[in-house]
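Visitor: With the sequences and hints as input, model every part of the structure.
Listed in order, the protein sequences are those of chains W and V.
So the first sequence is numbered by the working numbering: it starts at 1032 and just counts up by one.
So the second sequence is numbered by the working numbering: it starts at 40 and just counts up by one.
Hints were generated in silico from the structure; no laboratory data involved.
Among these hints, one or two may not hold up.
Claimed, not checked - What follows is a list of derived Cβ distance ranges for each label pair:
{"id": "1", "chain 1": "W", "residue 1": "R1141", "chain 2": "V", "residue 2": "I274", "range": "15 to 21 Å"}
{"id": "2", "chain 1": "V", "residue 1": "K348", "chain 2": "W", "residue 2": "D1131", "range": "49 to 55 Å"}
{"id": "3", "chain 1": "V", "residue 1": "R164", "chain 2": "W", "residue 2": "Q1169", "range": "43 to 49 Å"}
{"id": "4", "chain 1": "W", "residue 1": "F1128", "chain 2": "V", "residue 2": "R88", "range": "49 to 55 Å"}
{"id": "5", "chain 1": "V", "residue 1": "T288", "chain 2": "W", "residue 2": "R1130", "range": "42 to 48 Å"}
{"id": "6", "chain 1": "W", "residue 1": "E1115", "chain 2": "V", "residue 2": "P289", "range": "23 to 29 Å"}
To be verified - Partial list, computed: chain V residues near chain W (C-beta under 8 Å):
{"id": "7", "residue": "D202"}
{"id": "8", "residue": "S255"}
{"id": "9", "residue": "R299"}
All C-beta atoms in this analysis are idealised placements derived from N, C-alpha and C, irrespective of residue type, glycine included.
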Amino acid sequence: MPTYRTASEEETVALGERLARVLPPHGLVLLTGNLGAGKTTLAKGIVSGLGAAPAEEVSSPTFTLIHEYGNGRVYHVDLYRLEEPRELATLGLDELFERDALVLIEWGERFGRFLPAERTEIRIRAVDHDEREIEVTQSL
Amino acid sequence: MRILGIESSCDETAAAVVEDGVTVLSSVVASQMSTHGKYGGVVPELASREHLRAIVPVVREALDLSGTKLEDLAAIAATVGPGLVGSLLVGLTYAKSLSFATGVPLIAVNHIEGHIHATVLEARRAGTPVEFPAVALVVSGGHTHLFELREGFEYRLLGRTRDDAAGEAFDKVAKLLGYSYPGGPVVDQLSPLGDAAAVRFTFAKMKGNALDFSFSGLKTAVLRWVESHDMQAEIAARRALLRENPSPTPEQWLAATPQRTLDLLASFQRAVIAELLTRAAAAAESIAARSLIVSGGVACNSGLRAAAKAAGLPYPVYFPSVGLSTDNAAMIAAAAFPKLARGDFASLDIAAQANLTLA
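Guide: In structure tokens form, the structure reads like this:
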């Protein structure tokens, strides 16, 4: 899949809405990128593009770990606070992957080998103050 | 009349017994218990398994400390949401089993309403009850909400964060600078030593609801500032300190923090506080509130308390004590009292609701 560029938060949300239409209907999507790159912003667009919740209702799951939208059609997960694989095991993510749901995970690359190999990865990079480069790759 | 409260929505496993909605007879929080050894020294974190390990001894200790027998209870209250389903289930299921076994009625409580009641309870106990309508600012690691609160505990959502919670901003900025988790306490301790006017952080104007918060931009602004000020050596030194000693004293942190970083922390904290208080005051004005209630973990922040006092708002501002700011079960039992009076009981087939909203 190609690389995209956005020039503002609004454009990143809009790109997420467009990506929602081409992402697999279920399974793992890793959202990677530094602090402040715009992972939650892109997640807003994806959740809204899938019609699971309006973009403004999607907030950061850092503390709460898992947010669910659209009656279990989309899960937005954040592993930022997790230190060890042991903690990951207790979150019950395996159960989410078995469902017919899209599972968006922030900071998941730290636990890459404990997550399904079949995944989509969306890398977000801050190019300039508001500009972002967004690259989508799929692997089996 | 005594209510047993049980809370397990996130990291803490907690139980408490509260009498008549005002007197906290016991309040036990598993991650802060002095008797860690008794429970294997495990700090409950994230896991329903850890909640499972703690729930029985924690409830037993809350009952023992208050000298309460199960059959003396008027109700058993448990957090039903929002939170992690696996964690919520442990407390809720245990509450249901106790209710089923004893015939004591079950009351389901919203975690966010619990936070509001922590402050309401203490205001009543202090003889200065909250006057309605009130604005409630619930501010923690996971929540940043403004509610209108009317007589009879009716709620209306006035605003909320569009991205990060305020407590999360403290945590992420602290981690980025090499301090420990949670970040709120260390930033709060060091901030008074810095010049809060040194770094100017501005908030982007948001479209839509003027009472919504946003902290993501501030977090990114701190990151940019750090990247452009050659701070890698001091950050590495603090991380090294943390590796040697998981809980450094404020003096050790201070010794590892140059003045310029103290100024950054002070400026950051002031920006968070300004964002919280400006919108809370605007919310209060919009409903002609007669009081402002602050609750949740960030209510511990001494800078926020001082700024609220100094703001000269034309209505009283209520803060909970530190012990009732962070997650606890006394607030769950307190929130259950008005429901007990109304006969608002839950049936035993009630499910945990991860996304429960208050209004």
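Visitor: So, for every hint listed, does it hold in this structure?
Guide: Tested hints:
{"no.": "1", "hint": "R1141(W) with I274(V): 15 to 21 Å", "in the structure": "holds, 19 Å"}
{"no.": "2", "hint": "K348(V) with D1131(W): 49 to 55 Å", "in the structure": "holds, 52 Å"}
{"no.": "3", "hint": "R164(V) with Q1169(W): 43 to 49 Å", "in the structure": "violated, 58 Å"}
{"no.": "4", "hint": "F1128(W) with R88(V): 49 to 55 Å", "in the structure": "violated, 19 Å"}
{"no.": "5", "hint": "T288(V) with R1130(W): 42 to 48 Å", "in the structure": "holds, 47 Å"}
{"no.": "6", "hint": "E1115(W) with P289(V): 23 to 29 Å", "in the structure": "holds, 28 Å"}
{"no.": "7", "hint": "D202", "in the structure": "holds, 6 Å"}
{"no.": "8", "hint": "S255", "in the structure": "holds, 7 Å"}
{"no.": "9", "hint": "R299", "in the structure": "violated, 20 Å"}
The structure fails hints 3, 4 and 9 (numbered hints given earlier, in ascending order).
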